[in-house]
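Q: Here is how the chains run, residue by residue.
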Amino acid sequence: MSELHTVNKSPFEKSSFASCMEHVLEGSAVLLYEDGVYAAIKGTAAEGKVKSAQGVKFYALGSDLKARGLSDERVTNGVEIVDYEGFVDLAAEHDKVVAWV
Amino acid sequence: MAEQIKNFLYLNRRAPYGTIYAWESLEVVLIGAAFDQKVSLAFLDDGVFQIVKGQDTAGVEMKNFSPTYSALGDYDVNQLYVEQESLEERGLTIDDLMHLTWEDEDEDWAEKDSIRVVSRAELAKIIEQQDIVFSF
Numbered sequence: 001m002s003e004l005h006t007v008n009k010s011p012f013e014k015s016s017f018a019s020c021m022e023h024v025l026e027g028s029a030v031l032l033y034e035d036g037v038y039a040a041i042k043g044t045a046a047e048g049k050v051k052s053a054q055g056v057k058f059y060a061l062g063s064d065l066k067a068r069g070l071s072d073e074r075v076t077n078g079v080e081i082v083d084y085e086g087f088v089d090l091a092a093e094h095d096k097v098v099a100w101v
Numbered sequence: 001m002a003e004q005i006k007n008f009l010y011l012n013r014r015a016p017y018g019t020i021y022a023w024e025s026l027e028v029v030l031i032g033a034a035f036d037q038k039v040s041l042a043f044l045d046d047g048v049f050q051i052v053k054g055q056d057t058a059g060v061e062m063k064n065f066s067p068t069y070s071a072l073g074d075y076d077v078n079q080l081y082v083e084q085e086s087l088e089e090r091g092l093t094i095d096d097l098m099h100l101t102w103e104d105e106d107e108d109w110a111e112k113d114s115i116r117v118v119s120r121a122e123l124a125k126i127i128e129q130q131d132i133v134f135s136f
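Sequence lines, in order, name chains H and G. The numbering of the first sequence is this note's numbering, which starts it at 1 and goes up by one. The numbering of the second sequence is this note's numbering, which starts it at 1 and goes up by one.
Excised from the complex, chain H in its bound form (with noise of 0.2 Å):
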């Protein structure tokens, strides 16, 4: 069964991402929304857990990024930046969604 982890909080604020990053098995999914997507930016404690999971791919929303004022290069390597119909289309490929609100 494959997942698609959703985190829309911020990894500074809340434990969200913490755990879902604590329950994501490999093969999996997370898409960073919302707030989420400050778990997506280079030199942060977010970034190390970003790059030492093994076998998860992990996705960004690109207008929550330049909402916030965050240029695709401050995205730490190997996060995709999906739109909209990306995000409909990872929740589409995987079996289920696992939310971490």
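One or more hints might be untrue.
Each computed DMTMM-like pair below joins lysine to aspartate or glutamate, with the alpha-carbon atoms no more than 25 Å apart [as the list claims (entries may be wrong)]:
#1 H:K66 x G:E27
#2 G:K112 x G:E27
#3 G:K6 x G:E122
#4 H:K57 x H:E93
#5 H:K57 x H:D72
#6 G:K63 x H:D72
#7 H:K42 x G:D45
#8 G:K125 x G:D36
#9 H:K66 x G:D56
#10 H:K51 x G:E88
#11 G:K53 x H:E80
#12 G:K63 x H:D83
#13 H:K51 x H:E3
#14 H:K14 x G:E89
#15 H:K51 x G:D45
#16 G:K63 x G:D95
For the record, the hints were derived by calculation from the structure and aren't laboratory data.
Please build the complex by placing chain G on the supplied structure of chain H, with the hints as guidance.
A: Coordinates of chain G only, in the frame set by chain H:
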């Protein structure tokens, strides 16, 4: 009874768009600025994200209220403290923030920086010196 001028500090600790706190704070600051009190703002924790430059909310269909921070100087709100440690933890530097300024009437309207980066220890002292602290 003579009117007393008090020191007001607004503590901003939230990121700008995930919740309404940041915008609400800005609204209250602008209202409060009309009352001739000594007002300063502190940006710490996720609050530092409020003044990151280059915000573009067209794709999320929300109002981009970040240009309003540039107007604070016109309301004599020109003491903006930004916590150094909060920036570092978020991979940010002062160069990632908007350039916020004010014009000093006493020095022939010279343009001056409103933002002052302070350490966590310095901010603790700044909080201690206030009469009233509003938290957002």
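Q: Now tell me if each hint is right for this structure.
A: Hints and how they fare:
For the hint linking K66 (chain H) to E27 (chain G), the alpha-carbon distance of about 23 Å falls within 25 Å, and the restraint holds. Proposed proximity of K112 (chain G) and E27 (chain G) is supported: the alpha carbons are some 23 Å apart, at most 25 Å. About 20 Å separates the Cα atoms of K6 (chain G) and E122 (chain G), which keeps this hinted pair within 25 Å; it holds. Between K57 (chain H) and E93 (chain H) the alpha-carbon distance is near 13 Å, which keeps this suggested pair within the 25 Å criterion.
Of the supplied pair hints, the one linking K57 (chain H) and D72 (chain H) holds, its CA atoms being roughly 17 Å apart against a limit of 25 Å. With a C-alpha separation of about 22 Å, the suggested pairing of K63 (chain G) with D72 (chain H) holds against the 25 Å cut-off. The hinted pair formed by K42 (chain H) and D45 (chain G) meets the criterion: a straight-line CA distance of about 17 Å does not exceed 25 Å. With a C-alpha separation of about 23 Å, the suggested pair K125 (chain G) and D36 (chain G) falls inside the 25 Å cut-off, and the hint holds.
For the hint pairing K66 (chain H) with D56 (chain G), the CA-to-CA distance comes to about 5 Å; that is within 25 Å, so the pair holds. Between K51 (chain H) and E88 (chain G) the CA atoms are separated by roughly 19 Å; this keeps the pair inside 25 Å, and the hint holds. Distance restraint check for K53 (chain G) and E80 (chain H): the Cα-Cα separation of roughly 23 Å lies within the 25 Å cut-off, and the hinted pair is therefore satisfied. Annotation: proposed proximity of K63 (chain G) to D83 (chain H) holds, straight-line Cα distance about 19 Å (limit 25 Å).
Distance check on the hinted pair: K51 (chain H) and E3 (chain H) sit about 19 Å apart at the alpha-carbon level, within 25 Å; holds. Simply put, K14 (chain H) and E89 (chain G) have alpha-carbon atoms about 15 Å apart, close enough for the 25 Å limit, and the pair holds. Proposed proximity of K51 (chain H) and D45 (chain G) is supported: the alpha carbons are some 23 Å apart, at most 25 Å. Distance hint between K63 (chain G) and D95 (chain G) is fulfilled; the C-alpha atoms sit about 24 Å from each other, no more than 25 Å.
In summary, this structure violates none of the numbered hints.
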